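Participant: Chains as they are written, first to last, in the numbering used here: chain A, 462 to 787; chain B, 462 to 787; chain C, 132 to 515; chain D, 132 to 515.
Don't take each hint at face value.
Said to hold, decoys possible - Computed beta-carbon distance windows for the label pairs: (1) R468/D x D782/B: 44 to 50 Å; (2) Q212/C x I586/A: 16 to 22 Å; (3) A501/C x V464/B: 37 to 43 Å; (4) A490/D x D510/A: 26 to 32 Å; (5) E714/B x A490/D: 42 to 48 Å.
Unchecked claim - With a Cα cut of at most 30 Å, we get these calculated DSSO-like pairs of lysine-lysine: (6) K303/D x K496/A; (7) K486/A x K303/D; (8) K643/A x K496/A; (9) K467/D x K571/A; (10) K467/C x K388/C.
These aren't lab readings, by the way, just hints derived from the structure by calculation.
Small disclaimer: the values here were computed from a predicted structure and weren't measured.
Think of the CB as a built atom: it goes at the ideal place given N, C-alpha and C, for glycine as much as any other residue.
Chain by chain, the residues:
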Amino acid sequence: MSVEKLSIAKAINASLRTALENDPKVLIMGEDVGKLGGVFRVTDGLQKDFGEERVIDTPLAESGIVGTAIGLALRGYRPVVEIQFDGFVFPAYDQIVTQLAKMHARSLGKVKLPVVIRIPYGGAIGAVEHHSESPEALFAHVAGLKVISPSNASDAYWMLQQAIQSDDPVIYFEPKRRYHDKSEVDTEAIPGPLHTARVARAGTDLTLAAYGPMVKTCLEAAAAAAEEGKSLEVLDLRSMSPIDFDSIQASVERTRRLVVVHEAPVFYGSGAEIAARITERCFYHLEAPVLRVGGYHAPYPPSRLEDEYLPGLDRVLDAVDRALAY
Amino acid sequence: MSVEKLSIAKAINASLRTALENDPKVLIMGEDVGKLGGVFRVTDGLQKDFGEERVIDTPLAESGIVGTAIGLALRGYRPVVEIQFDGFVFPAYDQIVTQLAKMHARSLGKVKLPVVIRIPYGGAIGAVEHHSESPEALFAHVAGLKVISPSNASDAYWMLQQAIQSDDPVIYFEPKRRYHDKSEVDTEAIPGPLHTARVARAGTDLTLAAYGPMVKTCLEAAAAAAEEGKSLEVLDLRSMSPIDFDSIQASVERTRRLVVVHEAPVFYGSGAEIAARITERCFYHLEAPVLRVGGYHAPYPPSRLEDEYLPGLDRVLDAVDRALAY
Amino acid sequence: MDSTAARKPRRGSSKRAAGTKATKAARPDEPELVQLLTPEGERVEHPDYSIDLTSEELRGLYRDMVLTRRFDAEATTLQRQGELGLWASLLGQEAAQIGSGRATRDDDYVFPTYREHGVAWCRGVDPTNLLGMFRGVNNGGWDPNENNFHLYTIVIGSQALHATGYAMGVAKDGADSAVIAYFGDGASSQGDVAEAFTFSAVYNAPVVFFCQNNQWAISEPTDRQTRVPLYQRAQGYGFPGVRVDGNDVLAVLAVTKAALDRARTGQGPTLVEAFTYRMGAHTTSDDPTRYRRDEERELWEAKDPILRLRTLMEREGHADEAFFTALEEESDALAKRVRDVVRSMPDPDHMAIFENIYADGHALVDEERAQFAAYQASFAEESH
Amino acid sequence: MDSTAARKPRRGSSKRAAGTKATKAARPDEPELVQLLTPEGERVEHPDYSIDLTSEELRGLYRDMVLTRRFDAEATTLQRQGELGLWASLLGQEAAQIGSGRATRDDDYVFPTYREHGVAWCRGVDPTNLLGMFRGVNNGGWDPNENNFHLYTIVIGSQALHATGYAMGVAKDGADSAVIAYFGDGASSQGDVAEAFTFSAVYNAPVVFFCQNNQWAISEPTDRQTRVPLYQRAQGYGFPGVRVDGNDVLAVLAVTKAALDRARTGQGPTLVEAFTYRMGAHTTSDDPTRYRRDEERELWEAKDPILRLRTLMEREGHADEAFFTALEEESDALAKRVRDVVRSMPDPDHMAIFENIYADGHALVDEERAQFAAYQASFAEESH
Ligand SMILES: Cc1ncc(C[n+]2csc(CCOP(=O)(O)OP(=O)(O)O)c2C)c(N)n1
Ligand SMILES: Cc1ncc(C[n+]2csc(CCOP(=O)(O)OP(=O)(O)O)c2C)c(N)n1
Ligand SMILES: [Mg+2]
Ligand SMILES: [Mg+2]
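Build out the structure end to end from the sequences listed, making use of the hints.
Facilitator: As C-alpha cells, this is what we get:
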C-alpha cells in the first residue's frame, strides 16, 4: 500500500529512509541524529538500519556540520543536515551564506552542492529561548538558497524528496508544532513542481497566504469566517524562495484582498516581500492594502507569553476584518 | 573652528577620536585597526594616540571579536567593533543575533550592551568577492538591534557619536564607496534624533527613499529629472531599524508616489518593508505602487559587472518613469 | 553558609603519606586526574594540589551539595507535575559545581551555561530565581550584577567569549578579580570556545575555562567531540589544562582555586576539565535509555560525590548526627519553599512582550505595543 | 615538468653525516623546525625526514619556483598597470607552496585559500585562470574537478571545513587519496579551523592542514593570533603537528609527503606549519611600511627559497648554465603569455549576472533576467 496516514514527523522519517534506500550517496548528519534518532525522533531508526557511515552523529558545532557537508557534497555525496532547533542555525550562518549559497555561482556552475538543511522551526511548543524561532527571511534574502516549508505530511514527504534530488542547496523548515499532525501520504504519487503554491481552500472574498505551521491556523480561520458568511481562500505557499507570485496574483485578482500570515516577525519578514510584489502586480485589483499578521519586533518571548505573541485565529480574523473593511 | 570640510572616512575617524577622548570606557576593536589604521585608514592614528589598550588589534576571528566585545560591555566598556568588510560579518552573526541583540531583553533590562559594530558596506569599488555586499536587511529583521547608515560626513560623525552613546547595540553601516566624499561637519552642532529621516531634496512629484551610498545616486537622479521638469523629493532614511515611517508617509501623502532605492537585493530587502508599510499607511494616497530599485537576486557579481548590477542613475530614473506612468 | 570561614586547620587522619602520587585514572585508557578524596572517602595527597579544610568548611561543602541536589530533585518533580516546562538536572555534578563555585571570590565573575544550579547556589543566587526560564515566565530571572553570576546561556559555547571579554576588561581595570566560564564536553567542539581560547591566550586574560565533562552531550559520548582528553586542548593554545576528579569536591576546590589564582596573578587562562558524569537525563525531555546502558550509570553511582564526603566526615568526625538531621530538615524546608514559590509564580503580563527589547526605545516597538494594547482592549470591550 | 620522474637517486656530497640533528630554530625563542637545506644551500639531515631527489627532480622543483615567482611578479605588474583590480603576491612562499604542491598526487584534492598560486601551478591549473577573479571577470575561473584544485576561498578559514568534509568522503569511499587544506597564520584563529580540527580528528579524516605561517595577517604579527607556535595547536586535538622550514623546498616536500602518507594509510590528520615569510605586501592594496620594518624583510631575504636551492644545484652540479638560461627564457615566455592573455581577457557578458545562481533554476531569477534584458534592449532601441 502506498497510501498511508502519517504524522509530519513520520513522513519526514519515511522520506529520509526512501532517500537513503534509493541513493547510496545520501547521508544524514547532525547532532543526536543517530542512536537517539534526533530530539524529535525524526531520524528514528535510520542509523540502526543504514549504519554510522550514512547516519552520522556529529560534533556539537553547526558551522562544522554545514562546512563538512559542503565538502562531502564536493566529493559527490548528498548530505541532509539536521540543525537541532531554529535558534541554533546561526553558528552555521557564515558557511550557509558565504559558501553553500555561492559556490555554484562562484564556480560558474562547475560545482553543485546538493545539500539539504532541515530546521525544525517555529513556536507554540512551550520551549525555552532559541527553540521557537522563525528565521526563514534571513535565508530567503540570500541568493543561491532555496527555502521551503511543508504544512502537511504529504508535502513533508514529497518536498523533502524533491529537495534531496535538487542539485541546489535547500533549507527545509519543518513546522515543529505540527510534527504530530497526521494526514495521508501517497508515496507513489507523482508530485507537482516543488516551488509552487497550493490552494488549500478555495474562497472568493479574501486570500490568506501562509506556509508551514500557519497554514492550519489559516484554514481554521477560514472555517470560522465561513460561519460568518465570509469566503476566504487559503494559499499554502510551500516555498519562501522562490515565492510562487503567479499563484498569489491569480488568487488576489479574484479575491482582491490579501492577508499574509507567518510566525516570523513582520518587520522585514516574508510578508513584506509578498505585499510589495503583489501590490505592484495587482495595483488596480487590490481593494485593500495587503495586510500582514506575524510576530512582533521582539525576541521570541518566554513560553508563557507565546500565545499572545504568535498569530492565532483571532489575530488572523482581525486582519481579515480590517482588510474587508476597506 | 568647529566646522570643517571632511570626507566621510575622516569624519568617522574624528568621531571615534572624540569618543575615545570623552569617555575612557570607549574601545576600538577589530582586525588591523591599530598600527595599520584599518584597511580604509578609518582608524588611522588612533592606536598611536590612545594606546594598544584602547585601540585593539584582535585575532582574525569575527565571532571572537563580537563575543569579547559583549564581555567587555558587560564589564562596563563601550566597544566600537570594526568588521573589515561586509562579507566578513557572518562568522559573527550568531553572537550578534543570539547574544548581542537579545541580552537586554533576556536580562529584563538588567544588562545593557552598548556595542557599536561598524561595517563598511556596499559595492562599486572594484573589489573581489565578499567585499561589496549590503546585508542590512539581515540585521534589521532582528529585534534588539538598531541599524543605521550615514550618507554624508556630518551624519557619519554625528550618527556615530549617537550610536556610541546609545545603550543599545547599533550596527553602523559605512558607505565605503563614499568614504572620500567631502562635506561640512560641525562638531559642535546639536544633532537631531538618531533614527529620523531627512529631506535631502524637496520635491512634489515623487519621493525617492534611500540611505547610505544610494542617497547621492538619488540626488543625482533628482537633478537629472529636474531637467526634464520632474520634481523629485529625496529622503535620506538614515536608519533601517527603526525606519522613520512617519517621515516617509508625510512625504508620500504629498507626492503620492514612492520609489525605494538600495544596493541590497530587492528580494526580502528593506524596500519590501517600506513598500508594505507605506502602502498600508497611504493606501488611498498612492497613485502608483511603491517601486523598488536594488540588487538582483544574485550573488554580488564580479566587479566588471557591478555597474550593471548596482542601481545607477538610469535604473532609478527608469523606475521613476514607471511610477509616474501610473 | 560559611564554608570558607577561617579556622585553624586540622589534619585528617586518613591522608596517605605525603608524596604518594594520588592521581587516578578514570578508565584504564584515560589519563590521570587530580584526586584528593577517593570514591571510598579516603583523603589522598597530590604533589601539586593540597587542601586543608576545617570541619566547618567540610560541613559547608557537604551542605551545599546536599541542598543543591535536593533543590535539583524538587525541580525535576515540579517539571513532572507540569509546573516547569523543562528542567536540566545537575545530578551527579554537585562536586564539580560546588567545588568550583566555592573557589570563586565575591568579586569574581561567573559565566554559566544552563546547568550550573550548584554554582548559582554558591554565588548566592536564590534558587527559585533559576526556575523562571524553565517555567517559561522569563528568559533569565536574576540580575547578573547582583552576584556576579551571568544569566544562563543556551547557545552552546557563546558564553566562553563573553567571559573572555569580561576578563579582558578586568585586566584593563587593573583589578585582581578572575572570571570563570562553564561549559560542557559537547561545547568544546564549538568554534566560539576555540576562539575564546585564542583571545584569552593572546590577551593573557584572567579567565578559567571550567569544562564539566559529564561524558555526554545529549546522546553523544565524548568520543564524538574529541579523541584525546579535553584538558589537553589548552596546551595547543599556550596555557595549561588540568583534569580533576569532578566528583571530588576537595580536588575541584583546590584545582579551581589554583587556576583562579593564576588568573589573578597575571598568569592568564587555565582550562580545568572536571571529569564527572551526568547521572540523569540531558533534560526532562530526554530519554537516555535510548543511547546508554544502565551499567555505566551504576559505575558512576559508586563514585557519588556526596557519599564520599559523608564517609570522610563520619570517619573523621567532622559532623555529628545532629548536623545531618538538621541538614535534612533544611533540605525539606528548601524544597517546600521552592515548590511554594514556583506554584505561585505569576505569568508575566502580556505587555512584557514589548518591554526591554531596547534600552533607548524603538519606534516600531512603540507602535506595535500600542496596537497590541488596543487589540487586547477590544476583547475587553467585547466582553463588557 | 616531470620533477617526480623516477631515476636512480644520487647522493649529494654536502649532506651532513646522518644522525646530526639538523633542525634549526627560526628565532632564538622559537622551537626547532625541520630543515633539509640551509639558507646557505647546504644539505642537512633530519632524523625523522629524509629525501633523495634526482638532479632532474631538483631541477623540476627549481623550475617550479622560478616560474611561479615570475608569474607572480608579472601579475603584480599587471595590477599596477590597471589590468587587475588586486593581486595577492606569494613572493617568499614559493618553497612552501611548491614543496607541498609537489607532494600531492593527482588523485589528492587541494583546498587553497587565495594566495596558493604556486600550488595551483603544481596541480596543473593554467596560471592565467587564476587571474580572472583578480581582474574582476569572475569569482573563480577554473573547474575545481579538472585538477582536484578547489576554487580560491576568501572567507578566512572556511575551506578547512570543506577539506575535512571532502576527506570524510574519501574515507567513506575507501579511497587512498588524501586532502590538503591551505590556510594562513591569521586563519588559525577562526572557529572554522578549530572545528575542522575537531571533525577531522573525530572521524580520522585523511586531511593535511597546511598552515603557511608567513608571520603576518595583513598588519598583524603572529603574536596577535597565538602565544605558542602554531604547529602545537594540533596535539590538543589529538593529531600531530610539525613545523617545517617553509623556505626549504626539500623539507616541505618531505614533511608534506609524510603527512599525506599518514592520511592515506588511515592515520588521520596532520598539521604542517610551514614557517615562512610574506616578502611583499598583503595584497597590492596594502602598504606594509605602515606596520613593519625593512630589517625584518632583509633578514628573510637571506633565507630566500630559490637562491638556496640554486646554490645547492650549482655546487653539486645538478644543472648546467644551459638549464638556467633556458629557464630564464621560459620565464619570459610565461610572463608574456600571461600578459597577453590578461590583456585580451574579455569582460563577461552582462547577462552573466543571472547565470549559475542555481543549478535547477529559480522563478525570480528568470523574471529578473527577463526584465534586465528588456531594460538593456530599451537602450539599444533608443540608440537606433
Ligand atoms: C549552538 C547550539 N547547538 C545545539 C544546541 C542543542 N543542545 C543543547 S544542550 C546540547 C548538548 C550539550 O552538551 P554539553 O556541552 O556536553 O553539556 P551538558 O548538556 O552535558 O551539560 C545540545 C546539542 C544548543 N543549545 N546550542
Ligand atoms: C572571515 C574573514 N575576515 C576577514 C578577512 C579579511 N582578510 C583577508 S586576508 C586577511 C589576513 C589573512 O592572514 P593569514 O591567514 O595569515 O593569510 P595570509 O594573507 O598571510 O596569507 C584578512 C584579515 C577575510 N578575508 N575573511
Ligand atoms: Mg556534557
Ligand atoms: Mg599570514
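Participant: Now tell me, hint by hint, if it's right for this structure.
Facilitator: Structure-based check of each hint:
no.	hint	in the structure
1	R468/D x D782/B: 44 to 50 Å	48 Å, holds
2	Q212/C x I586/A: 16 to 22 Å	19 Å, holds
3	A501/C x V464/B: 37 to 43 Å	40 Å, holds
4	A490/D x D510/A: 26 to 32 Å	30 Å, holds
5	E714/B x A490/D: 42 to 48 Å	46 Å, holds
6	K303/D x K496/A	20 Å, holds
7	K486/A x K303/D	10 Å, holds
8	K643/A x K496/A	25 Å, holds
9	K467/D x K571/A	29 Å, holds
10	K467/C x K388/C	33 Å, violated
Checked against the numbered hints listed earlier, the structure breaks hint 10 alone; every other hint is satisfied.
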